[in-house]
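Participant: Chains as they are written, first to last, in the working numbering: chain H, 1 to 198; chain W, 199 to 576; chain B, 577 to 1096.
I should point out that these hints are in silico values taken from the structure, not numbers from a laboratory. Using N, Cα and C, we set each Cβ at its ideal position, and we do this for glycine too. Be a bit skeptical, because a hint or two may be false.
[Claimed, not checked] Straight-line Cα separation of at most 27 Å, DSSO-like style, residue types lysine-lysine; simulated pairs:
1) H:K134 / W:K309
2) W:K275 / B:K726
3) W:K534 / H:K118
4) W:K517 / W:K464
[Stated by the list, open to error] Label pairs and their in silico Cβ distance ranges:
5) W:T286 / B:F732: 47 to 57 Å
6) H:G67 / B:P881: 15 to 25 Å
7) B:I1050 / W:E426: 27 to 37 Å
8) W:M247 / B:K764: 18 to 28 Å
9) H:G153 / W:M232: 24 to 34 Å
10) W:K464 / B:V1043: 51 to 61 Å
11) B:W714 / H:G153: 28 to 38 Å
If you want the building blocks of each chain, they are given just below.
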Amino acid sequence: MSTDKDKQNRKVLGVSSFVAIAMFGFGFALIPLYDVFCDAFGINGSFSAIEDGTYNAEAEAQKAMAGGVDRSRTIDMQFLVNDSIGLNLDFKPLTKKLTLNPGEVKEVSYYVKNRSDKTITIQAIPDITPNNAKKYLAKIECFCFQQQTLKPGEEKEMPLRFVVNSAIPETIPVLTMTYRFINSHYKAEQKLNAETRS
Amino acid sequence: MSASKTIKTLSRLLCAALLLGPAIANADYELNLMPGVTEISQMQYDLHMLVLWLVTVVGILVFGVMIYSIIKHRKSKGAQAAQFHESTTVEVIWTIIPFAILVAIAVPATKGLLEMEDTSKYDMSIKVTGIQWKWEYDYIDEDGVKFISQLDEASENARKLGSGVDVTTVENYLLDVDNPIVVPSNKRVRLLITAADVIHAWWVPDLGVKRDAIPGFINESWFYAEKEGTYRGQCAELCGKDHGFMPIVVKVVSQADYDAWVANQKAAASASAAEDTKTFGMDELMARGKGVYDKSCAACHGPTGAGVPGVFPAMAGSKITTGDIAAHIDIVVNGKPGTAMAAYRSQLSKADLAAVITYERNAFGNKTGDVVQPTDIK
Amino acid sequence: MSDHHHPTGIKRWLFTTNHKDIGTLYLWFSFIMLLIGGSMAMVIRAELFEPGMQVVEPNFFNMMTTMHGLIMVFGAIMPAFVGFANWLVPMMVGAPDMALPRMNNWSFWILPFAGTMLLMPMFMGGDFLQGQGPAFGWTFYEPLSGQYNKLGFFIFAVHLLGFSSIMGSINIIATILNMRAPGMTLMKMPLFVWTWLITAFLLIAVMPVLAGAVTMMLTDKYFGTSFFDAAGGGDPVLFQHVFWFFGHPEVYIMILPAFGIVSQIIPTFARKPLFGYASMVYATAAIAFLSFIVWAHHMFTVGMPVAGELYFMYATVMIAVPTAVKVFNWAATMWKGSMTFETPMLWAIAFVFLFTIGGFTGLMLGVAPADFQYHDTYFVVAHFHYVLVTGALFALIGGVYYWLPKWTGNMYSEKLGKLHFWLSTISVNVLFFPQHFIGLEGMPRRIPDYNPMFADWNMISSIGGFVFGASQLIFLYTVIKCIRGGEKATDQVWEGAEGLEWTIPSPAPYHTFETAPEVK
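Looking at chain H on its own, in the form it has when it is part of the complex (with noise of 0.2 Å):
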């Protein structure tokens, strides 16, 4: 009887253990998931194959300019940088806004240039505004596509060339496209910092 009852209590014991476990998993495993949960619902658009570099730009522009111009709306475009947290930048669209039709190809250049006295690894991380606007944009040529390496003192004007799908709905009357810069070897000098402090 006793035996038996201490049985199903390792049974209970391995189980619960085993879920707790699974669920630790689960918790890094909500990481991953809410990035896929954003895509299946278009909320990150295309965004996050620009950051895994699985961005086919080709074929992306190819579907936004599927449905021709449409000369009889315009949509405004806003440029603008947000923080680089961390880094020392001097970073700046070279133009502000403009406005076009939907379907046409447009480009405009951002202006980077590396303030400190080292050698920067760093990767633009875009984003737009509103958010539902993000898989009406096509980028046929970004500087967010790769890395940019700096030297010191170096400064560069990079270009973005995009469409914007004319299937865009009416209710989204201007895009803001928004760039910043993380450090590409971020976590390996976090890492250093957190060494050197301690």
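Given chain H, put chains W and B in place with the hints provided.
Facilitator: Positioned in the frame of chain H, the structure of chains W and B alone reads:
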């Protein structure tokens, strides 16, 4: 507040309590949400009242039943306990009724939410950046209109522990700023909200806008105010030490006044740009530097440069302020990632940066004799 | 009474594997934590007594709000419920002890170390009055928490608390599933046992997620990852999603056992069986299930897509249905009963009224467009204190009075109990009801100072707070007095009490049900 004031307030409250409802309702207290000045804030108020009335009615019914039962069905009154303990019919009924009430709430709530998130029109855009513990406003349609807005001086002085100031004498205590944002009435103002360090939240109740400011990401919100006036709000997300001291003031003015304000701002911006190449004398820099330090640095590093041991480094005799100039400039200009030290490049002009660095190197007993000029700031 | 030899003195408590001893340890630990967390609340209310900064520095204030929240949630409420489970679950299901008694010892003895580790940074290095401890809110949102330079203490304390909770839960599940007396079928179990079974499942499901979240914080801070760090390409909002995936079920972890306690007390003093037992069980399970799919209602203002906001709004307001069913069932249990109003019943009735008020404001908060105004104001503070203080804590105190005669063999002083009740109930409303008004007026939470327009209600609230705090000392006195002696309790204790724990002698002998009772 002095002791006599405290007693006065208490006695006033006691009177109010004794006279019950009406006295409180007529006093200068607000008990309820305000309808605000925009359609959105009105909609939020209406929804609030709808749900409040519904729960009040439900509450009166349920509490009424319980109170009746507590009074009537007590043993001391000879009540005999019935033994019923189940009724599927009753259970089904009281599952369906709350559900029906919820549907009645969900319909207008859905409509309201869609209205709030409708960004299909806009007249102008302002980028709002939350910074520990102030706001930066960038009018992205107007070149050069970009400024920092922080707690006004009167409140700042009064809010110090042991300041000795009676805060009831400070006008708009903790709800006033040095540079309010100014917008024209009858315009749909689109806000692009972000942050430079930690999460903040931009909230002005009268405009019906509350939106988190998240570092690295941009959030969108909007308001359309018809009524001219000054509307006040505060940061609504805990953002560290001085979270309670970063208010928001929005001035809604006529288009003409707005245009004049913009012209003014642009003129001030070009004047400040001219200073970038100017050479200042030591005394000039020290005087200006003290002003900048007290406003932008003293909150953490202390008015006497003593810092807070273990939390915020001291300025007096520190390695940074008495060591290599370039390193000192670097930390002020670019901040220190992972800490509360912000990059002041985007918050202060080159002349202000030069002044404050000069000041830090020559105040609090630091005697480096170094003079930093605006042209030294890269 | 079986007279087994067991160690005495400190060794008895250190090495005990007896469910009653461990239950007692849990209850005393949580009471000490309640007093520590409560004194922090006194500091908060003292600073907010008047506008202007009078008592502490802003960072110290933030540390007080943070530590108050953490200690009350993880140190007071949760361990107190585990203490109840330890004492009562074996007695209610007719088991001689918990299923895994040695693990039981371990799950308690982790707690004092976790608590110490949580409190320790407050006293380390630098100036105590400047606030050296965690000051980033009990929700420890990134990136603010990442700025804190002693984060490691906090993270390991949370890990230890998590371990303790998970082990406690496994033990409770095993006891309930395997140790029931013959004839004690699942649908015959007292409701307290049911609510704890469901709570234990919730704990096993979400405590590890919290552990995952703090582990990611740890590696972000010290090992160069960037899960939540925007500077490395991480997303701070993601932290909130992970946190509230834990945090919302956590809210129900703190209230479901309270439902259980109240469902034991009300039928006893109404002398009438609980109305709708089965629907109570289903409603508890429904609430537990819903708690997993509503988390983002804590985050309406973070800028979710509108479809997400709509979904979380609908799912959230749905919780009102099973919760309403519970309240109706309690009301129906009282209806046509033959009620008496001993102290436990008073607390239980106050629970039903005041928890319902917290439920109402919860519904209001769930309505997303209005939540944009309520979010992060004192309205929210009022809401969750109605749920957690007049909800969870009131049920716990009521439960203590209810089972104290069984635990000690003595009746507590009814006079003192009632004094404690009336003082607490009046002052708690003076404390928290005005906070609804302050919040609607527009006062954000977690601020140390405010505009004088909020002054009057803050002062009233503070006065209520001081009285409420002081009345808990009456509780302490009453409990100690009862332990030391008093009128002897009968085995049945309460005229209307039903259940296995009332069939054994008072005080409950050290070993009970070594031969399983037969349940008809």
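Participant: If a hint holds in the structure, say so; if it doesn't, say that too.
Facilitator: Against the structure, the hints come out as follows:
1. H:K134 / W:K309: holds (24 Å)
2. W:K275 / B:K726: Answer violated: K275 of chain W to K726 of chain B is near 62 Å, above 27 Å.
3. W:K534 / H:K118: holds (16 Å)
4. W:K517 / W:K464: violated (39 Å)
5. W:T286 / B:F732: 47 to 57 Å: With a Cβ separation near 51 Å, T286 of chain W and F732 of chain B satisfy 47 to 57 Å, so the hint holds.
6. H:G67 / B:P881: 15 to 25 Å: holds (24 Å)
7. B:I1050 / W:E426: 27 to 37 Å: Given range 27 to 37 Å: violated, Cβ gap about 56 Å.
8. W:M247 / B:K764: 18 to 28 Å: Cβ of M247 of chain W to Cβ of K764 of chain B: about 46 Å, so the range 18 to 28 Å is violated.
9. H:G153 / W:M232: 24 to 34 Å: Check failed, 54 Å falls outside 24 to 34 Å.
10. W:K464 / B:V1043: 51 to 61 Å: Since the Cβ atoms of K464 of chain W and V1043 of chain B sit about 58 Å apart, the hinted range of 51 to 61 Å holds.
11. B:W714 / H:G153: 28 to 38 Å: About 46 Å separates the Cβ atoms of W714 of chain B and G153 of chain H, which means 28 to 38 Å is violated.
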